[in-house]
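K.L.:
Please arrange chain F with the ligand on chain U, whose structure you already have, making use of the hints.
Letter by letter, the chains look like this.
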Amino acid sequence: MTGILYHGQPNGPSFTVLAAAFEKGVDLERRPIDLVAGDRHSAALPHPIEVDQSIEGEGPVLVVGDVAMTDSVFLACYLDDIGTGPAIRPADPYARWQMMAWCRYVIERVAPAAAALGNAAAPPHTVPAGIASADLAARWTDAVEGEADATQLADSRTKIVQAVEKIEAQLADGRDWLMGDFSIADLESFAWLAGMRALVPQAFVASPRVDAWEARLRARPAVAQALGLATVPNPEAIWAPGPEINRWG
Amino acid sequence: MTDVTLYHWEPNANSGKPMLALFEKGVAFDSHYLDLLNFDQHRPDYLAVNPLGTIPAMTHGDKVLTESTAIMEYVNEAFDGPRLMPADPVDQWRARWWMKFLDQWLAPSFSMIGWSVFVGPSVRQKDPAELEAAIDRIPMPERRTAWRKAINGAFSPEEMTESQRRVGLGIGYLEAALVQREWLASGEYGLADINGFNLAYAMPLSQPQLCNDELTPNIMRWLRAIYARPATRACWALGRTDLARRISLLESEPA
Ligand SMILES: N[C@@H](CCC(=O)N[C@@H](CS)C(=O)NCC(=O)O)C(=O)O
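First to last, the protein sequences are chains U and F. For the first sequence, my numbering begins at 56 and goes up steadily by one. For the second sequence, my numbering begins at 73 and goes up steadily by one.
Just so you know, not all the hints are guaranteed correct.
Residues from chain U shown here face chain F by an in silico Cβ test under 7 angstroms; the list is partial [unchecked claim]:
hint: 1; residue: Val-122
hint: 2; residue: Met-124
hint: 3; residue: Asp-126
hint: 4; residue: Phe-129
hint: 5; residue: Pro-148
hint: 6; residue: Trp-152
hint: 7; residue: Met-155
hint: 8; residue: Arg-159
hint: 9; residue: Phe-259
hint: 10; residue: Trp-303
hint: 11; residue: Gly-304
These are computed hints drawn from the structure, not numbers from a lab. Nothing here was measured: the structure is a model prediction, and the numbers come from that model. Where is the CB? At the ideal position from N, CA and C, for every residue including glycine.
Bound conformation, chain U alone (with noise of 0.2 angstroms):
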């Protein structure tokens, strides 16, 4: 036994961990928890800063040993230090250093876009009981009410448009990955734009070397296990709160 894996339907944050996990051929024991319904909050899962204030929003929670740890891309890093599966890292420094970056921007820019927009197609029901962030706990707010602002909205999409592109020039060399071999930036991508196909079609209309390693991605036996995981037809379609769109810029 090497953890316990609290988790959601396998989409966002949820998918980054479940398919890292399955790539690396980590057996954790997973607990599928309802994240729209607030289940992270509640007293079964344990409660330290980390968990509370992660950036991520209504991500999993990785309980080894006595710590809770959160943050799918750096737990998908544990993942890949832990697990006997081929490396989802490169091992060069500079390799690594681009992936790191290119996933910033995913956690920084796409992210908090997608989310806003999944928000607000699909709105959560309530506000659960016990956030301890109050910002987290604005977010749920405006998603319960439907308040997301319009010009935040058109940035978002703008956001989800301009990540498209950025991944479909990322490809134009022919290559299959997005850091050339497998990795981590393939998974988070497309955890954050795999509900986008939906409630930004514009951003895929002329995308063919996306389309193509979405396929690819998909194809992967811990992607398809991973989203195997899902209780619903469709779980790119579940959201709930994510992290904030940056307030300073």
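P.N.:
Leaving out everything else, chain F with the ligand in the frame of chain U:
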């Protein structure tokens, strides 16, 4: 001659992170100082290095790197010298967790306050037409907005209150972490401390009612311990303004 060039401003916030990591690692680098208050970061010669027009950026041979925290991880991995990430994978996770929390939650709140009380007033007296032209050269729309707000003193009371709320909470979280551990993320000094120090070194001066020997003795212990490191002294010596000179307040004895 070295094959590393760092484009940076004062040892402070994002610029100071790779600077201090390079000093701790013992990596010689060519220092290319950009004056943020003179909008050097939006000039064509720098945009050729970092098209986003933000500082810092680093070149290593023909490789170009941006994103201060990611640059620090590169510096740690690409060069010899002391290890600045813990060996244990859980500790590595915790170092990254804290760096993200600082970069994306606490630092933006400090920035808003800093831009409102320092950056805005420092450039406001320039010729308005010149300022408008300078803002037009900024590549990122989000930053054009931030600069306009700073220059016009237009941060709303709500956003300032929210930033101050986060600063207060963040100081409490830092203190609580440093009660548990000698260093921010593990038992060893490393990148999370370098990141945190760049954000926090002036807190006893800028937030004296929240950060002091009585209320936050562990933050004070931690700041003084980092200040005592030769790499920190060497790094802050590259500062050219009073901003970096605020570090000298850490010479004070614990109360
Ligand atoms: N995420 C970037 C942010 C870099 C950044 O925003 N730097 C600030 C200085 S601390 C800057 O360049 N501000 C000037 C501007 O935006 O014009 C990093 O960590 O390197």
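K.L.:
Look at each hint and say if it fits the structure.
P.N.:
Going through the hints against the structure:
The beta carbon of Val-122 of chain U is positioned within 7 angstroms of a beta carbon in chain F (closest approach about 6 angstroms), and the interface hint is therefore held. Below 7 angstroms, beta-carbon pairs count as interface contacts, and Met-124 of chain U has one with chain F at about 5 angstroms; its hint therefore holds. Checking Asp-126 of chain U against chain F by beta carbon gives a least distance of about 6 angstroms; that is within 7 angstroms, so the hint holds. Residue-level restraint check for Phe-129 of chain U holds (minimum Cβ-Cβ distance to chain F is 4 angstroms; threshold 7 angstroms).
For Pro-148 of chain U, the suggested interface contact is upheld, since its CB lies about 4 angstroms from the closest CB of chain F, less than 7 angstroms. Below 7 angstroms, beta-carbon pairs count as interface contacts, and Trp-152 of chain U has one with chain F at about 4 angstroms; its hint therefore holds. For Met-155 of chain U, the interface hint holds, since its Cβ comes within 7 angstroms of a Cβ in chain F; the closest pair sits about 4 angstroms apart. With a cut of 7 angstroms, the hint placing Arg-159 of chain U at the interface with chain F holds, because the nearest CB-to-CB distance is about 6 angstroms.
Because the closest C-beta pair between Phe-259 of chain U and chain F is about 23 angstroms apart, greater than 7 angstroms, the hint is violated. At its closest, the beta carbon of Trp-303 of chain U sits 4 angstroms from a beta carbon of chain F; the interface hint therefore holds under the 7 angstroms criterion. Evaluation of the Gly-304 of chain U hint against chain F yields a held restraint, the C-beta minimum of about 3 angstroms falling below 7 angstroms.
Of the numbered hints stated above, the single one contradicted by the structure is hint 9.
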